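Just so you know, the protein sequences line up as chains A and B, in that order. Going by UniProt numbering, 359 is the number at position 359 of the first sequence; the sequence numbering is gapless. Going by UniProt numbering, 224 is the number at position 224 of the second sequence; the sequence numbering is gapless.
Bear in mind the hints are in silico, worked out from the structure with no lab data behind them. Among the hints, erroneous ones may be present.
[Stated by the list, open to error] Subject to a maximum C-alpha distance of 20 Å in a straight line, what follows is the list of computed SDA-like cross-link-like pairs (lysine to any residue):
#: 1; chain 1: A; residue 1: 267; chain 2: B; residue 2: 145
#: 2; chain 1: B; residue 1: 125; chain 2: A; residue 2: 306
#: 3; chain 1: A; residue 1: 267; chain 2: B; residue 2: 141
#: 4; chain 1: A; residue 1: 196; chain 2: B; residue 2: 284
#: 5; chain 1: A; residue 1: 375; chain 2: A; residue 2: 306
#: 6; chain 1: A; residue 1: 320; chain 2: B; residue 2: 125
#: 7; chain 1: A; residue 1: 320; chain 2: B; residue 2: 128
#: 8; chain 1: B; residue 1: 125; chain 2: A; residue 2: 95
#: 9; chain 1: A; residue 1: 283; chain 2: B; residue 2: 8
#: 10; chain 1: A; residue 1: 160; chain 2: A; residue 2: 380
#: 11; chain 1: B; residue 1: 187; chain 2: B; residue 2: 93
#: 12; chain 1: A; residue 1: 283; chain 2: B; residue 2: 275
#: 13; chain 1: A; residue 1: 195; chain 2: B; residue 2: 84
#: 14; chain 1: A; residue 1: 283; chain 2: B; residue 2: 284
#: 15; chain 1: A; residue 1: 195; chain 2: B; residue 2: 144
#: 16; chain 1: A; residue 1: 195; chain 2: B; residue 2: 280
Just so we're clear, the structure is a prediction, and the values are computed from it rather than from any experiment.
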Amino acid sequence: MRQRSLIAITAALAAGALTLTACGSRDSGDKGSSGNGGTTVTIGVDAPLTGDLSAMGLGIKNSADLAVKNANKQNYVKGITFKIEALDDQKQPSQGQQNATKLVADSNVLGVVGPLNSSVAESMQKVFDDAKLVEVSPANTGPALTQGADWQTKKVRPYKSYFRTATTDAIQGPFAAQYVYNDAKKKKVFVIDDKKTYGAGLAGTFTEEFKKLGGTVVGTEHINPDTTDFSAVATKVKNSGADVVYYGGEYPQAGPLSKQIKAAGAKIPLVGGDGINDATYGKLAGPEATGDLATSVGAPVESLPSAKQFVADYKAAGYKDEYSAYGGYSYDSAWAIIEAVKKVVEDNGGKLPSDARAKVTAAMQNVSFDGVTGKVSFDEFGDATNKQLTVYAVKNGAFTAVKSGTFTG
Amino acid sequence: MNELPQQLVNGLLLGSMYGLVAIGYTMVYGIVQLINFAHGEIFMTGAFGALTVYAYVLPDGTSMWVALPLMLVGAVLVAVLVAVGAERFAYRPLRNAPRLAPLITAIGLSLALQQAVWAWYPEAKSARTFPQINGGPFHLGSVTIQTGDVFLIIAAPISMAVLAYFVMRTRTGRGMQATAQDPDTAKLMGVDTDRIIVVAFALGAAFAAIGGVAYGLKYGQIDFRMGFILGLKAFTAAVLGGIGNIYGAMIGGVVLGVAETLATAYIADLPGMEKFGSQSWADVWAFVLLILVLLFRPQGLLGERVADRA
Numbered sequence: 001m002r003q004r005s006l007i008a009i010t011a012a013l014a015a016g017a018l019t020l021t022a023c024g025s026r027d028s029g030d031k032g033s034s035g036n037g038g039t040t041v042t043i044g045v046d047a048p049l050t051g052d053l054s055a056m057g058l059g060i061k062n063s064a065d066l067a068v069k070n071a072n073k074q075n076y077v078k079g080i081t082f083k084i085e086a087l088d089d090q091k092q093p094s095q096g097q098q099n100a101t102k103l104v105a106d107s108n109v110l111g112v113v114g115p116l117n118s119s120v121a122e123s124m125q126k127v128f129d130d131a132k133l134v135e136v137s138p139a140n141t142g143p144a145l146t147q148g149a150d151w152q153t154k155k156v157r158p159y160k161s162y163f164r165t166a167t168t169d170a171i172q173g174p175f176a177a178q179y180v181y182n183d184a185k186k187k188k189v190f191v192i193d194d195k196k197t198y199g200a201g202l203a204g205t206f207t208e209e210f211k212k213l214g215g216t217v218v219g220t221e222h223i224n225p226d227t228t229d230f231s232a233v234a235t236k237v238k239n240s241g242a243d244v245v246y247y248g249g250e251y252p253q254a255g256p257l258s259k260q261i262k263a264a265g266a267k268i269p270l271v272g273g274d275g276i277n278d279a280t281y282g283k284l285a286g287p288e289a290t291g292d293l294a295t296s297v298g299a300p301v302e303s304l305p306s307a308k309q310f311v312a313d314y315k316a317a318g319y320k321d322e323y324s325a326y327g328g329y330s331y332d333s334a335w336a337i338i339e340a341v342k343k344v345v346e347d348n349g350g351k352l353p354s355d356a357r358a359k360v361t362a363a364m365q366n367v368s369f370d371g372v373t374g375k376v377s378f379d380e381f382g383d384a385t386n387k388q389l390t391v392y393a394v395k396n397g398a399f400t401a402v403k404s405g406t407f408t409g
Numbered sequence: 001m002n003e004l005p006q007q008l009v010n011g012l013l014l015g016s017m018y019g020l021v022a023i024g025y026t027m028v029y030g031i032v033q034l035i036n037f038a039h040g041e042i043f044m045t046g047a048f049g050a051l052t053v054y055a056y057v058l059p060d061g062t063s064m065w066v067a068l069p070l071m072l073v074g075a076v077l078v079a080v081l082v083a084v085g086a087e088r089f090a091y092r093p094l095r096n097a098p099r100l101a102p103l104i105t106a107i108g109l110s111l112a113l114q115q116a117v118w119a120w121y122p123e124a125k126s127a128r129t130f131p132q133i134n135g136g137p138f139h140l141g142s143v144t145i146q147t148g149d150v151f152l153i154i155a156a157p158i159s160m161a162v163l164a165y166f167v168m169r170t171r172t173g174r175g176m177q178a179t180a181q182d183p184d185t186a187k188l189m190g191v192d193t194d195r196i197i198v199v200a201f202a203l204g205a206a207f208a209a210i211g212g213v214a215y216g217l218k219y220g221q222i223d224f225r226m227g228f229i230l231g232l233k234a235f236t237a238a239v240l241g242g243i244g245n246i247y248g249a250m251i252g253g254v255v256l257g258v259a260e261t262l263a264t265a266y267i268a269d270l271p272g273m274e275k276f277g278s279q280s281w282a283d284v285w286a287f288v289l290l291i292l293v294l295l296f297r298p299q300g301l302l303g304e305r306v307a308d309r310a
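Pulled out of the complex, with its shape left as it was, chain A reads as follows (with noise of 0.2 Å):
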């Protein structure tokens, strides 16, 4: 009987709580959207905060903050005030839908950075367009998401509040296929994925392009990623006799990935694309690992004019964590968000329209500036029209530019 009590007693108080949370939050809102030159706009921002992948989520969510403080101490958009308001979505697709709906419900977010991995991009993009938030992806780079499940055949955008600042894979995949078999002269590969939209996509394009410019493909596997033990692969792969392996996936699996093949005595490079482009794949790959290369989009943001500022605010921030592969690309996409809602309050004489959410989402599509990647702007399936890609190889436990180039087809 005591403890029957206590059960009510807790439940009353925690249904209590969240009752106050809630309308704590929605007080804030009212009093944010009528009072003059105080307005509060959130920035959603969505990427795996914790995790394996947490190095380049870390990256991003700081990248975004620095946009936002940057715009309020401009003091950008007269009157308004921007936050940032980062969830975690441990890289999971439903976790991030959650995350999804969570932003959606608070009506402060005008726009949504994020998120980093294709396959969680998928579960939100109808979240954030049946409420017509714009959502801004620094990374996914799945050619899908803009141009829909037959983008090889007919191109159809699926979702008008879906952008990204990343080009796609679509051009990722052939552009490091061009260079392994134009520039590292490699003829045979043995291509490895592991079966999510991003790492199956990519070693797609790749194949395809490969076998156009003559190549021959040895082999092919799939790996788990739950997994660290690929001692099975390596054994395959050195005896495919490839001179070459081209990995679709991400660091955490292609690191190991790459130490056990050259451990099992295939001293042939691991070429992957952005998603292994991390300091971490070094730590992990080993010493071995030096020959490695990665695809990245853009050009390395520490060679641009435009990203100096960017790595020196960045530094005096004093974040802890590094910016990591798509901090450049999150400034930009959360910049891009400031740039909508300027338009926005603009055209409305200062103030946040009452449907601004849609309103910022149509800003989108014509949003041009200066960026820290380069030239920021949008075609019409929301895709970057920056279309720079760069080859990277691992010197000294770390990726370092080895050519940059545009996709010509």
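Got chain A; can you put chain B on it based on the hints?
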């Protein structure tokens, strides 16, 4: 070149690791009929214990010949502490509760341990590199054995021999056998069953810790989630070998490891099976094997058919 010998060695190594962890599942189950789902995390904390010794206790650049024994001590110490603590505070209070209660506690404990390492261990948010033994790989004919794997090759059989001696020849070991057969009667015969249970947890943890060090040396990195999948596999190995049987755990582990490796290497070559042969299907084939064994030998490979206790 024939790759079969190499693939068998790959499987044997993977399987030995499963076996080392499976021993803990099997001993605890044999004595208290509890499936300690937190055992995979005990394996993980063991690996972090070894890393702690190397990275924070020993001076920089200590030779691995000196460091490795000390790392093993650290690993075993941490894992045993965690396991005995878990037994004392999470499982003992539920000893007479319905079976489901400690099982759920075990799952909760497993998550708690993962999150604790994630939150409090320095830089454990992503994988941490594990110290390596220097020296090139060894070649035996067409088979290559990595330096990091040598530890596993030596440690697994020695562990088994020590365990067999302990269980068969020592007083405490015989007490464990008695408790496993009938705890109430064992108690009446003067066996301190509480102590026996603690010893079972501690022994299981010590082997998991050795497995954790082997994992670090083999893959060069450890992370807070490493125990989850490996723990599940080790549990599968224990069931495959006949849960409750110590030799069964080792044999189950090896069978599972070899089966996974061979499935990855060869199933795609069978006619009509191209689609089901990749490494991502290895787990499926491992479980198919488990189901087959359980269909025809419900007690597992080495398990004995026992009547349910009244």
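Going through the hints against the structure:
no.	hint	verdict
1	267(A) with 145(B)	holds, 16 Å
2	125(B) with 306(A)	violated, 31 Å
3	267(A) with 141(B)	holds, 19 Å
4	196(A) with 284(B)	holds, 17 Å
5	375(A) with 306(A)	holds, 10 Å
6	320(A) with 125(B)	holds, 13 Å
7	320(A) with 128(B)	holds, 17 Å
8	125(B) with 95(A)	holds, 19 Å
9	283(A) with 8(B)	violated, 29 Å
10	160(A) with 380(A)	holds, 9 Å
11	187(B) with 93(B)	holds, 19 Å
12	283(A) with 275(B)	violated, 33 Å
13	195(A) with 84(B)	violated, 41 Å
14	283(A) with 284(B)	violated, 31 Å
15	195(A) with 144(B)	violated, 29 Å
16	195(A) with 280(B)	holds, 8 Å
This entry does not satisfy hints 2, 9, 12, 13, 14 and 15, going by the numbered hints stated previously.
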